[in-house]
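Undergrad: Read top to bottom, the protein sequences are chains A and B.
1 is the number of the first residue of the first sequence in the working numbering; add one for each residue after it.
1 is the number of the first residue of the second sequence in the working numbering; add one for each residue after it.
Hints should not be assumed to be uniformly reliable.
[Claimed, not checked] Below, simulated DSS-like cross-link-like pairs (lysine-lysine); rule was C-alpha separation at most 30 Å, straight line: (1) K194/B - K58/B; (2) K17/A - K401/B; (3) K140/A - K130/A; (4) K25/A - K78/B; (5) K182/A - K210/A; (6) K11/B - K162/A; (7) K256/B - K70/B; (8) K93/B - K78/B; (9) K169/B - K107/B; (10) K10/A - K162/B; (11) K188/B - K164/B; (12) K58/B - K370/B; (13) K178/A - K195/A; (14) K164/A - K210/A; (15) K178/A - K17/A; (16) K69/B - K370/B; (17) K374/B - K402/B; (18) K164/B - K58/B; (19) K11/B - K130/A; (20) K169/B - K140/A; (21) K140/A - K178/A; (22) K370/B - K194/B; (23) K402/B - K17/A; (24) K58/B - K162/B; (25) K401/B - K25/A; (26) K164/A - K401/B; (27) K93/B - K131/B; (28) K107/B - K10/A; (29) K244/B - K93/B; (30) K226/A - K25/A; (31) K194/B - K256/B; (32) K162/B - K188/B; (33) K162/A - K401/B.
[As the list claims (entries may be wrong)] Incomplete in silico selection of chain A near chain B, CB under 8 Å: (34) N52; (35) L75; (36) N78; (37) A81; (38) V110; (39) L221; (40) F223.
To be clear, the hints were calculated from the coordinates, so they are not data collected in a lab.
Fair warning: this is a prediction, and the values are worked out from it, not measured in the lab.
All C-beta atoms, glycine included, are put in the ideal place defined by N, C-alpha and C.
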Amino acid sequence: MNFLNINGVKKIFNEGKESESIALKGVDLTIEKEEFIVISGPSGSGKSTLLNIIGGLDSANEGSVTLDGVEITALNENALALFRRENIGFVFQAYNLIPVLTVKENIEYVMRLMGYSQQECDARVMEVAKELDIDAYLDKLPDHLSGGQQQRVAVARAVASKPKLILADEPTANLDSKNGEKLMALMQKLNKDEKVTIIFSSHDPMVIAKARRSIVLKDGLIFEDKVR
Amino acid sequence: MFKNLELLYFKMALLHLFRRRGRSILISLMIAISLIGLLLMEGMYEGMMLQLTQNSIKTGSGTLVIEDKKLRADPNIKYNIKETQTLASILDKEPLVSSYVLRISQKGLISTAGFSQGVSVSGVDLKEEAKHSEFQNYITSGEYSFGARERGAIIGYRLAKKLKVDIGKKVIVTMQDVNNEVVSVALKVSAIIKTNNIAIDANGLLMDINLLRSLTMLHGATEISVLLKNRDDDLLVKQSLEQKITDSNIAVYSYKELYPSLHESEAFMQTFSQISSAFIFIVATLGIFGVVLVSVLERVREFGIMMAIGTQFRDIVRLIIYESLLITMSGYLLGAVIGGSLLWYFSIYGLDLSGFSDAFSIFGMDSNIKATIKQEYFTSSFLSVLFATIAATIIPIRTLKKRNPIESIQERV
Ligand SMILES: Nc1ncnc2c1ncn2[C@@H]1O[C@H](COP(=O)(O)OP(=O)(O)OP(=O)(O)O)[C@@H](O)[C@H]1O
Ligand SMILES: [Mg+2]
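Please model the entire structure based on the sequences and the hints provided.
TA: What follows is the structure in structure tokens.
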């Protein structure tokens, strides 16, 4: 049994309508624990769609996704929300954070949903904040941070609750190359230290080069899948 | 732990309102101001109606009036109560009755040297009335007395003005006795009263009941005016009296039958208060609806991300409802405190409208209006605001519900 099994996943938007577009045409993929994978490919090739379906944020028209033995494509909306909370960390392109909560509260948000005690949250927040070099901003509001700092907080939140899998859709797209590289380096470090599986998408060759395994999508199909 | 999360959402709601404080304060104030207006309208109007009713009851008929059955249709004093003793002993035993007086009422003509006009003559016992109608409190000039030989008259201030008479002046009163013979008597004005009961102020003359008895050859009374400890027991006591009174010529009426307009205005008051509650409900609904909708739409992405990382939809709903309730309830609280204090002030010191005094007394009102305060003003408006808040969040929440998290996240930022 593989850690993540993606089996014949098809995604058609606006099926039957004039605006119908086929985003994924049958994707098969297996991923092992603790892998660090980048998904790249031209715009519109289906990167975001694939990540969303893996993360249970969007449904597939055909095929299945199984994460650590749970077929997430079969779960209902409520069960999915709980499954995501417990198992998957998300980092989006930008504006990941809840604006009224401080950095610390943002990082511990998912842990609190999961029922961790305040002491457990405090300890874990300190740990990841140090790792991601944001421990100086814990009491600030997201608005007062730079884009790079905000993305690091988002990664901290994603990793804090110890999910099995972190999905990051173009996490560096809104950052300059220096901040982008720093974020990638930190994610790589987390991948090793926390033993968390990370899948992210990117356009940026510099960023793509950091991943051990690179999957390239083209027109909704896997075009290339190689391990360096 | 559950509590802890609840607190987190509450805090988030509060912080968000603070972030958008201009808007939050505006809606809060809007609700507060309309609530203040509503409370004042309700309290002042009801206070006015209460005064009007009390005036009419006290100086007029009483809560209940006992008369001969035929008198209403044919106001001839031959239809009078002869067995006043029997009725008095029944009334004495009635525990809900606070006081009663015998009176003789007859229409007549009042004349001075230069002028004459119709008058409503009431034969009263001033001693008894002092505990009942308390006419002594309404005297504007003169003394609460019919003089040494009981040949005095207390007349309404408007009547006095019209006749151009003052204290000590003589008037001639002419009327019919029980046998329809014309009789007349000369009286000296001993006092002038202003009761705000239009019937008395414009046409009323009080004279000694015994003098009027001998004048009209009537031995009992034309009416017995009864006041109850609690005005709302009127029908109860009326029934009880009707059972005990064996004389089939005697009828008991409630003030509600005598002054249907008073009763109607009480009923109107209820409708009025319902309409005002509906009004504040609409204000609150529209106000909060706009704010909630904008606040939800501008945060579609934020909610999308919250849901993506595992927040359940019902917690988002909770957050939205908390925010809405915080705005409306702070508005309610502010309005209730200010409106309540104003009402409390006006209930003690009254609102002085003496500038319009004449216009008011035409309707039988005092120029100083005392507000009433009732708990139901606050509870009904509270419920209105509460339901309005919940109602106003339904559409914004449904708008959000229609999108799945990813659509929300992909919303262009
Ligand atoms: N909500 C949607 N409704 C309709 N079509 C969609 C929707 N989301 C994506 N698509 C279509 O599906 C295809 C794949 O889109 P997707 O966003 O997955 O591409 P991508 O590889 O992430 O592109 P980019 O690099 O621009 O982010 C595109 O043709 C897109 O137009
Ligand atoms: Mg994309």
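Undergrad: Does K25/A lie within 30 Å of K401/B when you go C-alpha to C-alpha?
TA: Status holds; Cα separation ~29 Å.
Undergrad: Does the nearest C-beta of chain B fall within a distance shorter than 8 Å of the C-beta of N52/A?
TA: With a minimum Cβ separation of about 5 Å from chain B (threshold 8 Å), the hint on N52/A holds.
Undergrad: K93/B and K131/B: Cα distance at most 30 Å?
TA: holds, 18 Å
Undergrad: Within 30 Å, alpha carbon to alpha carbon, are K402/B and K17/A?
TA: holds, 19 Å
Undergrad: Given the hinted pair K370/B and K194/B, is their alpha-carbon gap at most 30 Å?
TA: holds, 18 Å
Undergrad: Need the status of pair K17/A, K401/B: alpha-carbon distance at most 30 Å?
TA: holds, 23 Å
Undergrad: When you check the alpha-carbon spacing of K169/B and K107/B, does it fall within 30 Å?
TA: Holds, at about 21 Å.
Undergrad: Is K194/B close enough to K58/B, meaning Cα to Cα at most 30 Å?
TA: holds, 13 Å
Undergrad: Please verify whether K182/A and K210/A have alpha carbons no more than 30 Å apart.
TA: Holds: K182/A and K210/A sit about 11 Å apart, inside 30 Å.
Undergrad: The hint names N78/A as touching chain B; please verify it with the least Cβ-Cβ distance against 8 Å.
TA: holds, 7 Å
Undergrad: Within a Cα-Cα threshold of 30 Å, do K164/B and K58/B meet the stated pairing?
TA: holds, 27 Å
Undergrad: Checking hints one by one. Is L221/A an interface residue toward chain B, by the C-beta closer than 8 Å rule?
TA: Because about 21 Å separates L221/A from the closest Cβ in chain B, which is outside the 8 Å limit, the hint is violated.
Violated hints, in rising order: 4, 10, 15, 16, 17, 20, 28, 35, 39, 40; the structure is consistent with all others.
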